[in-house]
Each structure stands twice: as structure tokens, then as C-alpha cells.
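There are 2 protein chains.
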Amino acid sequence: MKTVRLGVIGFGIVGKGVCEVVKDKAQLYKEKYGVDIRIVCVADMMNSIYDEDGIDLDKLMQSNQERSPVIKYPDSSKDKKWNGEMAIDNIDADIIVEVTPTNIKDAEPGLTHILKAFDRGMHVVTSNKGPLALYYGKVIEAKEKSGKELRFEATVGGTMPVLNLAQEALKGNNIVSIKGILNGTTNYILSNMAFEGKQFDDALKEAQEKGYAEANPAQDIEGWDSACKATIISNALMDKTMTLTDVEVKGITEIKMEDVLDAKKNGNIIKLLVEVNEKGAKVRPTPVPLNSPLAVTGTLNVAVFETDLSKDITVMGRGAGQIETAAAIMSDVFAIAR
Amino acid sequence: MKTVRLGVIGFGIVGKGVCEVVKDKAQLYKEKYGVDIRIVCVADMMNSIYDEDGIDLDKLMQSNQERSPVIKYPDSSKDKKWNGEMAIDNIDADIIVEVTPTNIKDAEPGLTHILKAFDRGMHVVTSNKGPLALYYGKVIEAKEKSGKELRFEATVGGTMPVLNLAQEALKGNNIVSIKGILNGTTNYILSNMAFEGKQFDDALKEAQEKGYAEANPAQDIEGWDSACKATIISNALMDKTMTLTDVEVKGITEIKMEDVLDAKKNGNIIKLLVEVNEKGAKVRPTPVPLNSPLAVTGTLNVAVFETDLSKDITVMGRGAGQIETAAAIMSDVFAIAR
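The listed protein sequences derive, respectively, from chains A and B. Heads up: the first sequence is residues 1 to 338, going by this note's numbering. Heads up: the second sequence is residues 1 to 338, going by this note's numbering.
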């Protein structure tokens, strides 16, 4: 039995999702894959829980049902006063799971966490777009120096396999281009405008009420979330070292009902399309045929890989969700464990 | 640089496709992945070409542009009088690529080839459905005894990733069910009946004229090709040891225009649907909503994975084609090489 010890840095939606999945499935993973996944540390901004034999996840989740800036745990000897950075400095783990929120200003604290994890000789799995969209070169340099692995499926398309699909299942192919819809919030808004006749503001409000859009929706509707994903895909699949500012970005804030209706008249629907190829990356509202595989509705994500041998391969799935994102992280953990 | 030596057993459409891809891309694979893929042997029913340093694929493909029962090669010292079985007995290779035609009566000669390859301590990659749909238990036993790997992405859904997607990109998930359309010929016929108003016989004839259906289309239209794939998916992803006769099979030969029109009236289209879950596997004509991800047209294939964590993940792609199938084989070769 191979033991894999995770240090989870960030205890928000995604971090809790990872703990929840490991809590529920660790026994099954042992039986099915012969891998004993243990979470030895969870860290947030104020404190960390650290048990080198593995945290009792039933107790952890039981103690943290309500939001709190401090992670609670019944055994106070395991409660350290470390923030994420200090936790990485002090713990003994195989993989750092970096799941703090994306920050597209300076990529912190994720960037420091990832660099430090490599410096300490640990693998990294992350859902944090900031470090990879802003400082990919720096991150890869640290990874190469450490000789450890870096995986980031959850940064792109949530639970829908994009990077692992391209790098493994499509290996042997040359990927010519990737087109996709990688932001559920804008897809929900645009679907609602096209099919329910809602105005932009009303559609956005509904997305916020349903929890699909954040209180400050700028990153989604202005296209920056999609642009982060475009950057990361370009770097990972097109061998680029791009940053966010290299992407041509236009969001959906200027889309009027008449644009939506014009598109519909021609059998199209407007989507916030990500396009990545050898020449670069673009994010912009684009009419796509209603019967195209790209015309997915609701909050779904989709990616079409144009390849030299397999031609077009399309994948669709959920772009967000706590457990869904945790699933993408687990696929990366297992890829490193093998 | 890692060298991977392939013995290609079968020199029909798929075998030639693999040679073509390696011929065109070996240099790129060296540069991109650091893997030197060499084809050391190609074998057919009458003879084999064997060069332990790697066959000159330019010369091989140049010499075999026309169909012939005998593989031709300019250097006659490399021309052995071995059939596939004898080739496996005599060659030194890392991976046997078994690409002889599927035989659902007794799975031969593929079964003997695969068992012998394991017996000689070589990995196996195959596109041959027969051995896996009829004798999965026996094949797995030989594989386990040898300690080598067996991969068979190309047996299911052509170039569309199904097995590698589920076993790698969706690892961590429990797969609850798989629904799919895994036969391009029947999908072409049913699409043509629904959208062009063609009768079954005319649609079949057109599929034959376009090369999508074989002269004897029984395996496709009676559902046996789909049933082979259902068996293989059950075995690989549901931990079963099923054989073809365990699948409930109904083909499309009895589908009348009135069934197609009835379905259409309700917003549906009839598809030859494969359904696999814990309880078993079924292949049967099934109405699916026209706006469902399963309603792919033409010869496309599609699979929807219902999972516990990621919910539904859909993949679409080409189910057949010489180079496309070779691409699926190469993804398996790289998975073993890593």
C-alpha cells in the first residue's frame, strides 16, 4: 500500500471539498487503487491543523460546519498557529494542494506557497489560477529545479478534463487549437438572455441569486477568468510562457439584447469563447451555431480540441462546484501517485 | 532517450495507419516526449518484415501502396516467412500492437497473439475487440501472470477517449454508468432516416457507398459491434468479467420510418444506445431528446459518464478512421512508455 500525504493549503470551498472527498472515499481508494490518501495538514490564514499520521477528517469536518476564520479541531495539540506559508515550511507531506483563492493582481499568497513547496521538495496540485496565469515561467523554473511534479487540472474547466485529457488521452496527437467555453457564470447569463429573453442586468442578478455569480462579478463578466484559463491552456498545451496580459480579452458587459436576437436570427447563439492556438489566445463574445457542440447551455463548460490525427475531440462537463473541483484535484493527486 | 520497440501484428487498415503515424511523427515524438518509437516488426498472415533496429518506414509504406496478401520490403534479408503467431515467437519487442480484424466467433487469431505476447513477456496494445469481448478473464489472467501491461483504447469509440479518460482523467470518481453511441455506421443510418427521410435500406446503401458500412453490415446493424464495446467497457470500467453473450442486444434492422417519425414528433431521435452500469450492459434502439448530448449526428461517437463527484462528463469524437484509430493506439503506447 502506497501512502500519499497531502498538505491542503486553503480551507475555503475547494479545500473543504477536498477534505470531504478524502473523508468519504479514502477507504475505497485504498481498496480500489492501493493508495492510502491522508490529509496531514489543513492550513488557512490564521492557523493550521497538523497531524503527521493524518487528520481525523470526521472530526475536522464536524468541527467546521460553520464559516470561521479559524480552523477548529478537537485535539488542540494539533492546532498550530501557522498560516499557509508557515505550514509549508514546517510540515512533512508528499503533495501540497494549493487551493487559496485566485488573485490576478500579484498571485499571492498562492505564488509564495507553490514556490516554497517546490523549494521544500514537495509535489504541487493547485486550483489557483493566479500563479499560473501571471508567473508561469517562474513556477515552472521552481518545479524543474525541485524535480517534483506540478498539476493544475482544476484551474481550467473545473471538473471537466482538459489538461489531463490532452496530455494523456490525446498524447500522440499534435493539438492544433482549443476552443471552449470555460466560464459557467457568463454562459448562464448568455443562455438566459437567448432563451428566456432576459436583459443582461436581470440575467446577472439571477445568476447571483442562484450562487453562480459572485457579488463582485467583474472577473467573470469582463472575461478575466476565461483569460486566466486561456493563458494556462496556452502554457500547458502549446508550450508557451504567456501571462494574462498577452491574451486579447473582451467580456460580455456590452452585449445587448439586439446582439443576442441578431445572432438568433442567423441560427447562432453568442458565447464567451476562448480560442487558443499556436499564434496566441483570445477571449471574446462570439456567435456559434445553435447546433454546434460549443452551444452548451446553463453553467456547463465545453472544450473542442482540434488535433492532427484524431481530428475534433469535444468534452463537456461542469465548470464549477465544490465536490466537482475536488474531483479534478483528486485526478491530479492520483496521477502523481502512480 | 527511451526506446520503445513495437511489433505490429496485422497489416490492414489499422496496422498501416500505425506505421504511417510513426513514419510521420517519430522525429517529433523524440523531440517532444523523449521517446524513440521504432517499429521493429510488421506481420500479416503470409509473412513478416523484421529488423531489430527498426524498419525503414518510408521504404515499407512506399512498397505497400497496393493491397497484397504479402508484405513487401526492398531488403529481402528482413523478409521472414512468419505469420503473426510465429513473429511473436521470434521477435524482440517491448510492445505487441495486435491489430488483426475482430472475430466474434472464436476471437482468433487475436487471442493467440495476445496470450503469446504476454507469455513472451511483452506489453500488449490492441484494437481487436474479439479477445476482450469473448475471453476477457483469460486475457487478464495471462497479463497478470506476465506482469506486463494491456491497453485497448482503440477497441471502444475509435479515437474518442473512453477508457483512458475514465481511468486517468476521471480517477477519483466512481463511475455510476456510461451511456453512449459507439457505432458510427448505425448512427449514420439513423441520422439519415431522421433528417433526410431515407428508408433504412437506402440509408444503409448510402453508408456502404461512402465506405461507412461494410459489404456485410450485420455486425454493425444487428448491434454486435456495439455489444462488443459494451462488454469491454463493463469489464474495464465496472470490474466485470463479462462476455458478449451477457449483453442484452437489439440492433436497428427493425426500425421503420414510422418509428423515426414518431420519435421526431416527441422531439426525439432514435439512437443505437449502449448502456452500461453496475447491473449489466444493454444495446438497443432508444429515443433520445434532440437537444441531448447523446444526439450526435453523422458517424460521430459520444459517451456520457455519470460519476459520483464530477456528475456528467461527455466526450465526443470520431469512432473510426485509419489515422484516428492509430492515434488511439499511440495514446496507449505512450501510456505504457511513461
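Simulated from the structure, these hints should not be mistaken for lab results. It should be emphasised that the depicted structure is a prediction, and the values quoted were computed from it without experimental measurement. Please note: incorrect hints may appear among the correct ones.
The list makes no distinction among identical chains, and a pair is therefore deemed to hold if it is satisfied within one copy or across any two copies.
[What the hints assert, rightly or not] Below, in silico cross-link-like pairs of lysine-lysine (DSSO-like), each with a Cα-Cα straight-line distance of 27 Å or less: (1) Lys279 to Lys250; (2) Lys143 to Lys311; (3) Lys30 to Lys279; (4) Lys59 to Lys250; (5) Lys240 to Lys210; (6) Lys240 to Lys81; (7) Lys59 to Lys80; (8) Lys145 to Lys32; (9) Lys2 to Lys148; (10) Lys2 to Lys205; (11) Lys32 to Lys279; (12) Lys138 to Lys32; (13) Lys78 to Lys250; (14) Lys198 to Lys279; (15) Lys148 to Lys32; (16) Lys72 to Lys143; (17) Lys282 to Lys145; (18) Lys105 to Lys265; (19) Lys78 to Lys59; (20) Lys311 to Lys32; (21) Lys205 to Lys279; (22) Lys23 to Lys311.
Now the hints, each set against the structure:
In this assembly of identical chains, the alpha carbons of lysine 279 and lysine 250 lie at most 27 Å apart only when taken from the same copy (18 Å versus 49 Å across copies). In the homo-oligomer, the alpha carbons of lysine 143 and lysine 311 never lie at most 27 Å apart, since the shortest distance is 32 Å inside one protomer and 32 Å across protomers. Taking identical chains as interchangeable, the C-alpha atoms of lysine 30 and lysine 279 lie at most 27 Å apart only when they sit on different chains, with a minimum of 24 Å there against 44 Å within one chain. In this assembly of identical chains, lysine 59 and lysine 250 lie within 27 Å of each other by CA distance neither inside one copy nor across copies; the values are 46 Å within and 51 Å between.
For a Cα distance limit of 27 Å, the shortest separation of lysine 240 from lysine 210 qualifies neither inside one copy, at 37 Å, nor across copies, at 41 Å. Taking CA atoms no more than 27 Å apart as the test, lysine 240 paired with lysine 81 passes in neither setting, with 39 Å inside one copy and 49 Å between copies. Within a single copy, lysine 59 and lysine 80 get their C-alpha atoms as close as 16 Å, which meets the 27 Å cut-off; across copies the closest is 68 Å, which misses it. When the C-alpha separation of lysine 145 and lysine 32 is checked against a cutoff of 27 Å, the pair qualifies only between copies, where the shortest distance is 20 Å, while the shortest distance within a copy is 34 Å.
Both within a single protomer and between protomers do lysine 2 and lysine 148 lie at most 27 Å apart by alpha-carbon distance, with minima of 18 Å and 20 Å respectively. In the homo-oligomer, the alpha carbons of lysine 2 and lysine 205 never lie at most 27 Å apart, since the shortest distance is 48 Å inside one protomer and 56 Å across protomers. Proximity of lysine 32 and lysine 279 under a CA criterion of 27 Å is satisfied inter-copy only: 19 Å between copies versus 43 Å inside one chain copy. Taking the shortest alpha-carbon separations for lysine 138 and lysine 32, only the inter-copy value of 21 Å comes in at or below 27 Å, while the best intra-copy value is 37 Å.
Within a single copy, lysine 78 and lysine 250 get their C-alpha atoms no closer than 48 Å, and across copies no closer than 60 Å, so neither meets the 27 Å cut-off. For the homomeric pair lysine 198 and lysine 279, neither the shortest alpha-carbon distance inside one copy (36 Å) nor that between copies (44 Å) is at most 27 Å. For a Cα distance limit of 27 Å, the shortest separation of lysine 148 from lysine 32 qualifies both inside one copy, at 25 Å, and across copies, at 19 Å. Taking the closest pair of Cα atoms, lysine 72 and lysine 143 never come within 27 Å of each other, the shortest separation being 32 Å inside a single copy and 49 Å across copies.
For the homomeric pair lysine 282 and lysine 145, neither the shortest alpha-carbon distance inside one copy (31 Å) nor that between copies (51 Å) is at most 27 Å. For a Cα distance limit of 27 Å, the shortest separation of lysine 105 from lysine 265 qualifies neither inside one copy, at 40 Å, nor across copies, at 54 Å. In this assembly of identical chains, the alpha carbons of lysine 78 and lysine 59 lie at most 27 Å apart only when taken from the same copy (12 Å versus 68 Å across copies). In this assembly of identical chains, the alpha carbons of lysine 311 and lysine 32 lie at most 27 Å apart only when taken from different copies (20 Å versus 34 Å within one copy).
Proximity of lysine 205 and lysine 279 under a CA criterion of 27 Å is satisfied in neither setting, with 36 Å inside one chain copy and 44 Å between copies. In this assembly of identical chains, lysine 23 and lysine 311 lie within 27 Å of each other by CA distance solely across copies; the values are 19 Å between and 40 Å within a copy.
The earlier numbered hints that this structure contradicts are 2, 4, 5, 6, 10, 13, 14, 16, 17, 18 and 21.
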